[in-house]
Amino acid sequence: MAKAPDQNREASKADEHHTEAHHTPEGANDPEAERLKEAERFRDEIVTWLQERFGEAIIVEANVQKGMYLAPMLVIQSDMIAEVARFLKDDPRTRFDFLNDLHGIDMKETLDVFYFLQSFTTGRFLALKVKVNHASPHIPSVTPIWPSADWQEREAYDLLGIIFDGHPNLRRILLTDEWEGHPLRKDYVPYDEGV
Amino acid sequence: MIRTEEMLLNVGPQHPSTHGVFRLLVKLDGETIVDAIPMIGYLHRGTEKLAEDLTYTQIIPYTDRMDYLSAMIGNYSVVHAVETLMEITIPERAEYLRVIAMELNRIASHLVWFGTYLLDLGAITPFLYAFREREKILRLFAELSGARLTYNYMRIGGVKWDIPDEGWLDRLQAFVDAFEGALAEFHELVTGNEIVKARLKGVGAYDRETAIAYGLTGVNLRCTGVPYDVRKVKPYSIYDRFDFEVPTRTEGDLWARYELRMEEMNQSRRILKQALQQFPSKGPIVAKLPKLIRPPAGEAYVSVEMPRGEQGVYVYSEGKPQPYRLHFRRPSFVNLQILPKLLIGESVSNMVAILGGIDIVLGEVDG
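Note that the protein sequences, when read in sequence, are chains A and B.
Using the working numbering, read the first sequence as starting at 1 and increasing by one per residue.
Using the working numbering, read the second sequence as starting at 1 and increasing by one per residue.
Only chain A is shown next, with the shape it has when bound in the complex:
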């Protein structure tokens, strides 16, 4: 099972002796540590709000992503993504009105969908992830909530074969309609090996 990698792990050996390690004392005045603490507080807050509304099981995993401007990343129960998205957009505490990015990743055991949300009201960022069953890759579409998801979901369908239920026009977008298979899947076999 490919686990979400730990962002806080030590830098790999390759760049160990070239980059300066950020060894900072555990002081309250360290701005980086403060920001991390604040990010973790926001993550806990948003986890509480979602669990109050949808129950404990809604959150599969929650962490803070250093490589995403310290946004919390929540792994959400996949069949609930549309309800969660609606809540995150409409609730006055979150107001995530802007879907920045949506794309799929083939993790071999599951097909993952990544969402990056932003709010122009609160200025917050939030990353969401859902894990979709490879054998029957259906998840609810968020296009009715954020129209910007339209082509991005079509792209994820085209290249990874993820089926977004409730999408108004789920057709291939970059490849031709007759194309066989979904190229970004790890088990994809191209027509012509030489190309």
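Each hint should be verified, as a subset may be incorrect.
Claimed, not checked - With a straight-line Cα cutoff of 25 angstroms, these simulated DSS-like cross-link-like pairs (lysine-lysine) come out:
#1 B/160 <-> B/320
#2 A/108 <-> B/49
#3 A/66 <-> B/341
#4 B/273 <-> B/160
#5 B/273 <-> B/232
#6 A/186 <-> B/282
#7 A/37 <-> B/232
#8 B/288 <-> A/108
#9 B/273 <-> A/66
#10 B/320 <-> A/131
#11 B/160 <-> B/282
#12 B/291 <-> B/49
#13 A/37 <-> B/234
#14 B/234 <-> A/89
#15 B/136 <-> B/160
#16 B/341 <-> A/89
#17 B/288 <-> A/89
#18 A/89 <-> A/131
#19 A/66 <-> B/136
#20 B/234 <-> A/66
#21 A/89 <-> A/108
#22 B/320 <-> A/186
#23 A/131 <-> B/49
#24 A/108 <-> A/131
#25 B/288 <-> B/160
No wet-lab data here; the hints were simulated from the structure.
Chain A is already provided as a structure; the job is to place chain B on it using the hints.
Using the frame of chain A, we list chain B on its own:
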């Protein structure tokens, strides 16, 4: 008896006003557009698939070919994502060279937009003026990187080439000093023109909520009053050292977008001026790193401000020399979605003006 019926009009993929290989199927009732179906993918090369088998450094030239009008910033976007994963400190001189390259490229890109957009509208002369200025930038780039369009200039940890000679900075300074005059010339030639105003004012307008819902970024968002610029909101490189503004308009029409792109060239000129003053006289241009870059296992999603909006780069690393998954959030691809909404109900004579106003590059739309 006169019989009336709707007409289907096919535009592209080979049509100059689509600025590449974009196809649009328009349904017309008389001169009014009743439906518009965009069709894309004619330039899809599968960059994200190809990246699975490439090392991080090998991926950089592929970004040249996505938004080929701002290849420097495209280069930077992927380099920035890897550097975020690796937490590298970049040498000062490299940071300044990067900012200079990126802001010069932003001006060059907006100049292409300015010239070709007015061609779309039927004015031929401004194109010649715009390309005269752009040529000066391309010469500077050719001296710096060896290429006029696909620079492959950025490297993980810095840049590939130092300035060719001290005179390069002087030539850059001369360009920056003269560019204010060139902008004034553009304004005199075009901005005050009543025909241009009549064609653009009040056309293709949308409000703030629509822009946010459709995920628009860049000028397409800022023309509705949202001061969202990645350089300010998600600061990267050394942009926090420069004094520049994020111009906005509230009208949300083609004219607002025109004014903003013109003003952004002026802001880039301001950044270049300050970067030249602060430019370190010596120092390394790339951080010491192993030849084969292996970022630690992890995920990153970072953004840069392209001339067309926010380019996001998602990297999933397993600690190997190649990325497990690399995804580009291409601004033109997301921005183009709003096109049918803007076209329906419009007169067909405004179609080309509205498409050009979004400012797309097909290499980027199709990935």
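Hints that the structure is at odds with (numbers, increasing):
As far as the earlier hints go, 3, 6, 8, 9, 17, 19, 21 are violated by this structure, in ascending order.
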